[in-house]
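Visitor: Listed here are the chains, written in short residue letters.
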Amino acid sequence: MDESFLGGLLESNDIVVFKKSMLPYFLRLTPAPDWYFNFITKEEGGEGCLDIDLAPPFLQNFFVDALQLPRESEGAQISSGVWIQESEEEGECYFEAKSTIYGGTLVLIIKKLGPDFVNRHQQIQVARERELVNEKLERLVRQRTLEVRQREEEIILRLLAASGAKDDETSAHVRRIGLYSAEVAKLLGWSHEQVDNIRLAAPMHDIGKIGIPDHILLKPGRLTEEEWAIMRTHPELGAEMLGNTDIPVLQMASSISLYHHERYDGAGYPLGIGGEQIPLAARIVAIADVYDALVHERVYKQAVPEKTVLDMMQAQVGKHFDPIVFQTFLSCIDQIRRICSANQDDRHNHLLMA
Amino acid sequence: MKQRKICMLGTSSVGKTSLVRRFVQSVFSEKYHTTLGVKVDKKVVKSGDDLVCLMLWDIEGEDRFYRIKQNYLRGLAGYLLVADGTRPASLDAAIRLKSNIASTFRDAPHLLVLNKSDLHDEWCLQAEDIKKIASAGFTVVSTSAKTGENVENVFTKLVQLIN
Ligand SMILES: Nc1nc2c(ncn2[C@@H]2O[C@H](COP(=O)(O)OP(=O)(O)OP(=O)(O)O)[C@@H](O)[C@H]2O)c(=O)[nH]1
Ligand SMILES: [Fe+2]
Ligand SMILES: [Fe+2]
Ligand SMILES: [Mg+2]
Numbered sequence: 001m002d003e004s005f006l007g008g009l010l011e012s013n014d015i016v017v018f019k020k021s022m023l024p025y026f027l028r029l030t031p032a033p034d035w036y037f038n039f040i041t042k043e044e045g046g047e048g049c050l051d052i053d054l055a056p057p058f059l060q061n062f063f064v065d066a067l068q069l070p071r072e073s074e075g076a077q078i079s080s081g082v083w084i085q086e087s088e089e090e091g092e093c094y095f096e097a098k099s100t101i102y103g104g105t106l107v108l109i110i111k112k113l114g115p116d117f118v119n120r121h122q123q124i125q126v127a128r129e130r131e132l133v134n135e136k137l138e139r140l141v142r143q144r145t146l147e148v149r150q151r152e153e154e155i156i157l158r159l160l161a162a163s164g165a166k167d168d169e170t171s172a173h174v175r176r177i178g179l180y181s182a183e184v185a186k187l188l189g190w191s192h193e194q195v196d197n198i199r200l201a202a203p204m205h206d207i208g209k210i211g212i213p214d215h216i217l218l219k220p221g222r223l224t225e226e227e228w229a230i231m232r233t234h235p236e237l238g239a240e241m242l243g244n245t246d247i248p249v250l251q252m253a254s255s256i257s258l259y260h261h262e263r264y265d266g267a268g269y270p271l272g273i274g275g276e277q278i279p280l281a282a283r284i285v286a287i288a289d290v291y292d293a294l295v296h297e298r299v300y301k302q303a304v305p306e307k308t309v310l311d312m313m314q315a316q317v318g319k320h321f322d323p324i325v326f327q328t329f330l331s332c333i334d335q336i337r338r339i340c341s342a343n344q345d346d347r348h349n350h351l352l353m354a
Numbered sequence: 001m002k003q004r005k006i007c008m009l010g011t012s013s014v015g016k017t018s019l020v021r022r023f024v025q026s027v028f029s030e031k032y033h034t035t036l037g038v039k040v041d042k043k044v045v046k047s048g049d050d051l052v053c054l055m056l057w058d059i060e061g062e063d064r065f066y067r068i069k070q071n072y073l074r075g076l077a078g079y080l081l082v083a084d085g086t087r088p089a090s091l092d093a094a095i096r097l098k099s100n101i102a103s104t105f106r107d108a109p110h111l112l113v114l115n116k117s118d119l120h121d122e123w124c125l126q127a128e129d130i131k132k133i134a135s136a137g138f139t140v141v142s143t144s145a146k147t148g149e150n151v152e153n154v155f156t157k158l159v160q161l162i163n
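One line per chain: the protein sequences are A and B, in this order.
If you read the first sequence in the working numbering, its first letter stands for residue 1, the second for the next number, and so on.
If you read the second sequence in the working numbering, its first letter stands for residue 1, the second for the next number, and so on.
In short, the hints are calculated from the structure, not lab data.
Hints are supplied without guarantee of correctness; some may be wrong.
[Unchecked claim] SDA-like mimics (lysine to any residue), calculated; alpha carbons at most 20 Å apart, straight line: (1) K98(A) to R74(B); (2) K42(B) to F39(A); (3) K42(B) to L54(A); (4) K136(A) to K31(B); (5) K132(B) to R139(A); (6) K136(A) to A89(B); (7) K136(A) to Y32(B).
Source: prediction; values computed, not measured.
Build out the structure end to end from the sequences listed, making use of the hints.
Guide: Structure below.
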């Protein structure tokens with residue numbers, strides 16, 4: 001072996017160099033510092049001999065890679081990566097091994113990592129600790145946001161229950177509509193935030209009804225043409241109440257209110273627009289609202305069996321309902337049913353009505 | 001004596017080193033001293049009538065500062081995927097790790113370890129997370145390196161799966 005290659009290395013007390021001999025031995029080419037005997041091997045196989053089979057497990061694993069270095073790949077080098085050994089004398093120390101082909105011979109270098117490495121360790125330690133703090137802060141913010149959201153939701157639902165107490169819109173009904181709509185929106189690929197928004201906004205679709213006089217809203221019999229005309233102003237009334245705001249959830253609620261009686265074929269009200277011109281949120285809510293109203297009993301009507309409801313609605317696809325949204329609604333019908341049966345409790349409403 | 005290589009995998013600071021230290025030396029430290037690279041510890045355990053020498057490969061947590069070298073996993077008999085029950089992100093990391101190595105070590109027994117079970121107040125896995133765990137097909141054990149809860153168990157269980 002050429003002395004010049006070893007020149008620098010020989011002087012270093014951090015490095016021990018070997019060349020491959022008959023397996024399982026490597027021959028040591030440099031003096032052995034104390035750490036070498038403490039951490040790597042006591043050279044049980046004879047002085048100057050590193051017996052692979054008796055080496056630390058990490059190093060043994062690295063030999064497998066080292067021995068695969070092709071002889072003819074002169075100068076090629078692989079590293080073991082850092083590993084840790086512990087000894088009674090020195091505690092934990094860090095090491096790295098390298099292997100290279102030099103003059104057609106496999107050479108192994110083991111290095112004990114010094115102060116430079118300790119610095120690097122310190123840097124990564126600090127970076128990881130900082131990362132943990134950031135992660136925790138993010139978690140806290142997310143949790144707080146959720147709490148605020150839940151509070152908003154509760155306030156909205158209670159006010160709605162109070163405002164809807166006169167007619168037939170129960171608080172459970174509006175809550176379900178929010179939940180169904182959110183489910184469909186999720187499947188349509190909406191963002192987390194938008195899904196949250198529709199869950200809160202959908203329940204407000206009929207809020208305009210508080211502007212309709214009681215003698216019309218609560219009239220038991222058929223409405224006259226004139227009364228109907230007044231009744232049909234509730235989408236615009238609601239849109240006005242909720243509109244003119246920078247708050248996204250209210251903007252969405254306003255738009256849902258305005259368009260929830262539009263029909264896909266353009267035969268709805270108040271504007272008589274159709275298809276994609278109707279905002280998607282309103283197309284979703286229209287389906288959720290009709291479904292829930294039909295499957296439940298109302299003062300003036302009995303509950304319709306769900307199968308019949310779905311058939312009736314299917315017949316309205318392309319007329320009243322958007323085909324794709326209805327398809328999506330059907331594809332999560334199991335989830336819709338679960339939501340439906342889990343949200344029958346109307347205690348809030350009864351309390352508020354009392 | 002039979003030797004078995006077991007790898008401790010998971011993102012940083014979930015308690016891989018602490019679990020090994022609790023298991024091998026029965027000690028625990030609150031101070032976080034991140035592992036760089038790999039440390040191999042040994043412990044002899046009973047498996048049925050036999051003694052088995054476990055080689056516990058505690059590998060630096062995979063995160064944005066570090067990628068595990070596939071070479072380190074060579075010859076593993078089983079592995080523990082460690083997550084921290086107070087950090088949902090660590091669970092995602094564990095699931096990712098599993099899908100990365102499952103192709104090479106399809107049949108290697110493994111357990112998902114939800115560590116730090118002593119931190120009840122900060123424990124924050126949601127129903128959604130539990131679903132994720134189930135659909136990734138994990139067997140879960142929750143442990144505390146601090147109190148020692150289930151630490152012996154989780155290693156014993158893995159050894160049973162290996163044999
Ligand atoms: N309360 C509690 N703290 C724990 C537990 N296990 C580990 N810790 C703490 O969590 C921090 C990280 O533990 P480590 O064992 O160093 O984590 P690691 O997975 O080895 O981390 P890296 O080496 O950076 O990948 C330390 O401050 C430990 O004291 C536990 O069960 N309970
Ligand atoms: Fe309406
Ligand atoms: Fe309604
Ligand atoms: Mg560690």
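Visitor: State for each hint whether it applies.
Guide: To see whether the hints hold, each was checked on the structure:
no.	hint	result
1	K98(A) to R74(B)	18 Å, holds
2	K42(B) to F39(A)	15 Å, holds
3	K42(B) to L54(A)	14 Å, holds
4	K136(A) to K31(B)	18 Å, holds
5	K132(B) to R139(A)	19 Å, holds
6	K136(A) to A89(B)	10 Å, holds
7	K136(A) to Y32(B)	16 Å, holds
Hint violations for this structure: none, all hints satisfied.
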